[in-house]
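Trainee: Here is how the chains run, residue by residue.
Number of protein chains: 2
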Amino acid sequence: MSPERFEADYLIETPVDPRRAAEVMAGEQSSGTFVSVPGETPELKARAAARIEALTELEAVDEPSLPGAIRPVGQGYRRARVTLSWPIANIGPSLPNLMATVAGNLSELQQFSGLRVLDVRLPAAFAAAYPGPKFGISGTRSLTGVMDRPLIGTIIKPSVGFSPEETAATVQVLAEAGIDFIKDDELQADGPACPFEDRVRAVMRVINAHADRTGKKVMFAFNLTDEVDAMRAKHDFVLAQGGTSVMASLNSVGLAGMIALGRHTQLPIHAHRNGWGYLSRAPLLGWSYIAWHKFWRLAGADHMHCNGLQNKFSESDDSVIASAKGCLTPLFDEKPCLTMPVFSSGQTAHQPAETFRRLGSMDLIYAAGGGILAHPDGPAAGVTSLREAWAAAMAGIPATEYAKTHPALKRALDPR
Amino acid sequence: MSPERFEADYLIETPVDPRRAAEVMAGEQSSGTFVSVPGETPELKARAAARIEALTELEAVDEPSLPGAIRPVGQGYRRARVTLSWPIANIGPSLPNLMATVAGNLSELQQFSGLRVLDVRLPAAFAAAYPGPKFGISGTRSLTGVMDRPLIGTIIKPSVGFSPEETAATVQVLAEAGIDFIKDDELQADGPACPFEDRVRAVMRVINAHADRTGKKVMFAFNLTDEVDAMRAKHDFVLAQGGTSVMASLNSVGLAGMIALGRHTQLPIHAHRNGWGYLSRAPLLGWSYIAWHKFWRLAGADHMHCNGLQNKFSESDDSVIASAKGCLTPLFDEKPCLTMPVFSSGQTAHQPAETFRRLGSMDLIYAAGGGILAHPDGPAAGVTSLREAWAAAMAGIPATEYAKTHPALKRALDPR
Numbered sequence: 001m002s003p004e005r006f007e008a009d010y011l012i013e014t015p016v017d018p019r020r021a022a023e024v025m026a027g028e029q030s031s032g033t034f035v036s037v038p039g040e041t042p043e044l045k046a047r048a049a050a051r052i053e054a055l056t057e058l059e060a061v062d063e064p065s066l067p068g069a070i071r072p073v074g075q076g077y078r079r080a081r082v083t084l085s086w087p088i089a090n091i092g093p094s095l096p097n098l099m100a101t102v103a104g105n106l107s108e109l110q111q112f113s114g115l116r117v118l119d120v121r122l123p124a125a126f127a128a129a130y131p132g133p134k135f136g137i138s139g140t141r142s143l144t145g146v147m148d149r150p151l152i153g154t155i156i157k158p159s160v161g162f163s164p165e166e167t168a169a170t171v172q173v174l175a176e177a178g179i180d181f182i183k184d185d186e187l188q189a190d191g192p193a194c195p196f197e198d199r200v201r202a203v204m205r206v207i208n209a210h211a212d213r214t215g216k217k218v219m220f221a222f223n224l225t226d227e228v229d230a231m232r233a234k235h236d237f238v239l240a241q242g243g244t245s246v247m248a249s250l251n252s253v254g255l256a257g258m259i260a261l262g263r264h265t266q267l268p269i270h271a272h273r274n275g276w277g278y279l280s281r282a283p284l285l286g287w288s289y290i291a292w293h294k295f296w297r298l299a300g301a302d303h304m305h306c307n308g309l310q311n312k313f314s315e316s317d318d319s320v321i322a323s324a325k326g327c328l329t330p331l332f333d334e335k336p337c338l339t340m341p342v343f344s345s346g347q348t349a350h351q352p353a354e355t356f357r358r359l360g361s362m363d364l365i366y367a368a369g370g371g372i373l374a375h376p377d378g379p380a381a382g383v384t385s386l387r388e389a390w391a392a393a394m395a396g397i398p399a400t401e402y403a404k405t406h407p408a409l410k411r412a413l414d415p416r
Numbered sequence: 417m418s419p420e421r422f423e424a425d426y427l428i429e430t431p432v433d434p435r436r437a438a439e440v441m442a443g444e445q446s447s448g449t450f451v452s453v454p455g456e457t458p459e460l461k462a463r464a465a466a467r468i469e470a471l472t473e474l475e476a477v478d479e480p481s482l483p484g485a486i487r488p489v490g491q492g493y494r495r496a497r498v499t500l501s502w503p504i505a506n507i508g509p510s511l512p513n514l515m516a517t518v519a520g521n522l523s524e525l526q527q528f529s530g531l532r533v534l535d536v537r538l539p540a541a542f543a544a545a546y547p548g549p550k551f552g553i554s555g556t557r558s559l560t561g562v563m564d565r566p567l568i569g570t571i572i573k574p575s576v577g578f579s580p581e582e583t584a585a586t587v588q589v590l591a592e593a594g595i596d597f598i599k600d601d602e603l604q605a606d607g608p609a610c611p612f613e614d615r616v617r618a619v620m621r622v623i624n625a626h627a628d629r630t631g632k633k634v635m636f637a638f639n640l641t642d643e644v645d646a647m648r649a650k651h652d653f654v655l656a657q658g659g660t661s662v663m664a665s666l667n668s669v670g671l672a673g674m675i676a677l678g679r680h681t682q683l684p685i686h687a688h689r690n691g692w693g694y695l696s697r698a699p700l701l702g703w704s705y706i707a708w709h710k711f712w713r714l715a716g717a718d719h720m721h722c723n724g725l726q727n728k729f730s731e732s733d734d735s736v737i738a739s740a741k742g743c744l745t746p747l748f749d750e751k752p753c754l755t756m757p758v759f760s761s762g763q764t765a766h767q768p769a770e771t772f773r774r775l776g777s778m779d780l781i782y783a784a785g786g787g788i789l790a791h792p793d794g795p796a797a798g799v800t801s802l803r804e805a806w807a808a809a810m811a812g813i814p815a816t817e818y819a820k821t822h823p824a825l826k827r828a829l830d831p832r
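These protein sequence lines map, in sequence, to chains Z and S. Letter by letter, the first sequence follows residues 1 to 416 of my numbering. Letter by letter, the second sequence follows residues 417 to 832 of my numbering.
If you're looking for bench data, these hints aren't it; they were derived computationally from the structure. Among the clues, some could well be false.
[Claimed, not checked] Distance condition first, Cα-Cα at most 25 Å in a straight line; then the derived SDA-like pairs of lysine to any residue:
(1) Z:K312 <-> S:R495
(2) S:K461 <-> Z:I397
(3) Z:K312 <-> S:A476
(4) S:K728 <-> Z:D17
(5) S:K751 <-> S:P547
(6) S:K751 <-> S:S554
(7) S:K741 <-> S:A544
(8) Z:K312 <-> S:R497
Quantities reported herein were computed from a predicted structural model and do not represent experimental measurements.
Let's have the full structure, built from the sequences with the hints guiding it.
Mentor: Here you go:
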């Protein structure tokens with residue numbers, strides 16, 4: 001790939017010839033327009049036009065995946081995989097403008113009954129322009145002291161409704177249970193029922209006292225989703241209270257908000273992808289996580305949500321593993337920007353074996369709710385059972401076998 | 417509606433009983449969870465839980481609109497319209513956290529084979545917390561001096577590839593043609609091939625000189641899409657050069673970015689919705705414009721893109737008119753937050769009659785590309801023909817009739 005160009009891959013479905021459809025994509029997203037205009041000279045096209053780098057035709061289908069396309073010319077709706085490239089001189093290494101370029105008006109075009117962004121590849125200029133994750137996997141491990149296994153995490157539940165003091169009391173229970181990581185639910189932000197600063201103060205009092213007593217500092221990701229200047233101020237408050245992580249909802253703050261936080265932060269950013277469903281669930285529309293998550297990693301996300309195997313959502317296990325592997329794949333040779341994938345949603349002692357087998361890594365946060373709090377012997381046994389399930393997985397020992405000598409795991413797998 | 421609660425309407429499609437599905441929505445997005453936890457007391461639910469305010473069952477379908485749902489229990493996939501409400505105490509009047517609450521994890525749930533946000537209704541606390549459009553319709557009219565008809569606008573084409581001087585030369589032609597409004601294409605931002613400040617300087621030299629000579633100041637919306645602090649600086653630069661508008665791509669900057677710009681701005685913000693296709697084109701997923709556009713209006717959007725009748729995109733005319741009417745409908749009694757709808761995409765002298773008939777308003781920006789530059793008698797005749805088409809539309813005179821005494825319109829309608 002040229003260091004002067006960036007690329008994007010798409011899955012398209014089109015009622016016209018796929019080559020012609022790809023030309024429309026390239027034109028619409030660079031120097032072309034529907035009526036030819038005087039200024040569009042061959043020289044201008046040479047310096048500014050998008051190029052079709054590859055096109056592989058796939059199957060055709062009889063029914064369009066999305067409404068609004070023109071009628072097919074005869075061969076149904078033809079699918080293809082297309083790669084376009086653009087000169088970086090068009091936009092410079094700018095993530096917000098990259099987003100408008102690779103995914104702007106494209107999916108509204110009548111020439112498509114389906115269009116999904118599959119991947120983007122960026123030249124080194126982007127690596128130089130953005131911070132990327134300042135902590136990532138190694139920084140998160142240093143701050144938590146957890147070096148040789150996944151971080152065991154959980155989410156404060158009920159999601160909303162707790163006062164700061166009730167939140168802190170739950171944190172106390174979880175800290176005593178041996179938890180490594182806790183996050184606010186994405187619904188818990190800074191409402192009058194549980195103000196941010198009061199919550200941080202109450203929770204950090206518990207966490208700091210526990211750390212003084214035991215030497216183990218629980219990482220708590222405080223949800224500071226808000227306006228930009230408020231997020232910076234909230235970050236500073238968490239830092240001042242001795243906190244070690246902040247959380248932001250990516251689709252709520254947006255890319256400019258996340259970049260501002262990424263540049264400002266002195267703490268790992270736990271990036272929550274709520275809203276991901278509306279960006280991804282129609283198979284021939286929106287974004288693959290592989291493409292989408294790169295924007296946020298480069299902007300500074302240290303932890304990124306990937307769902308989990310056998311989750312309570314609609315995502316398949318294959319998709320979960322592909323997303324998590326994406327997080328663990330370097331973005332650039334000189335600046336890998338590795339981010340820690342977060343497994344959550346219905347995670348228990350049952351999934352670590354397959355998760356480790358398929359992911360091939362222990363570099364993740366394994367977050368469970370019921371898997372901890374609903375353990376018949378209490379939260380400490382819940383946390384222990386998850387650690388044991390991971391120890392078994394990493395040792396290649398079946399969980400049921402390992403459970404014979406590990407009662408917490410045994411009770412988690414078979415609570416009767 | 418209670419001043420202490422906010423509401424959202426949804427179109428859902430579900431394999432389970434719609435009432436049960438609505439309960440899952442309310443639980444997932446407030447105090448509920450999949451495993452019951454100790455802290456979820458009746459008192460906590462009373463203060464924090466979402467409520468089902470209305471549920472109207474619609475048709476059932478045999479095939480799911482989206483993959484990933486659980487199998488239906490027997491009656492196929494049942495559609496319904498659902499209204500939920502939440503206590504504002506959960507999040508306070510915060511737009512970013514509102515987005516996570518009304519649209520966060522919902523569309524990923526297995527209980528749904530379709531889920532679309534149709535509308536949101538906000539209590540007055542939100543009106544007090546955000547600036548809304550600082551200029552809107554009246555401010556835009558004051559700055560342009562266009563009082564009694566739509567603004568006639570256009571977009572610099574080719575979208576990218578022009579140098580600052582070439583851009584300014586095009587602006588010169590358009591200003592002399594009598595244009596009211598010009599915008600950068602959303603692909604033109606701040607790349608090394610056309611740096612922002614150089615472009616602003618070159619364009620404003622032309623616009624200011626034209627204003628000095630004629631008394632008419634063309635409004636140019638400079639695309640400042642970027643990081644937050646850079647957008648503020650670019651705004652200040654445009655202001656200092658005598659510019660009268662800035663443009664931002666909403667899905668590129670995101671909500672926190674737009675709020676920051678909305679609070680900072682002393683110029684009308686031209687809000688570009690590129691990317692809207694991936695948020696809306698699957699009928700049972702994503703957002704209706706009616707719900708989505710309210711976030712950006714409240715954040716400060718003065719102009720909002722709505723597509724146009726018989727556009728080159730996949731959107732239907734009914735949807736275009738509904739969106740534009742949304743922009744012209746007050747958000748709050750005391751703070752209407754009216755925003756000027758922008759009609760564009762394939763607009764010519766042919767559509768004003770139906771646009772005016774269906775919209776019932778002249779408060780819009782009518783942007784045309786080929787409709788101006790491709791007029792057989794040149795750009796001035798192009799602009800004149802569009803003004804004439806609107807004059808005819810507003811007078812209730814058929815364009816072909818009006819054209820008999822208006823040669824520019826005549827040639828636009830029949831260029832032979």
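Trainee: State for each hint whether it applies.
Mentor: Taking the hints in turn, this is what the structure says about them:
1. Z:K312 <-> S:R495: Cα-Cα ~21 Å, so holds.
2. S:K461 <-> Z:I397: violated (43 Å)
3. Z:K312 <-> S:A476: Within the cut-off at roughly 24 Å; holds.
4. S:K728 <-> Z:D17: Holds, at about 18 Å.
5. S:K751 <-> S:P547: holds (10 Å)
6. S:K751 <-> S:S554: holds (14 Å)
7. S:K741 <-> S:A544: holds (23 Å)
8. Z:K312 <-> S:R497: holds (23 Å)
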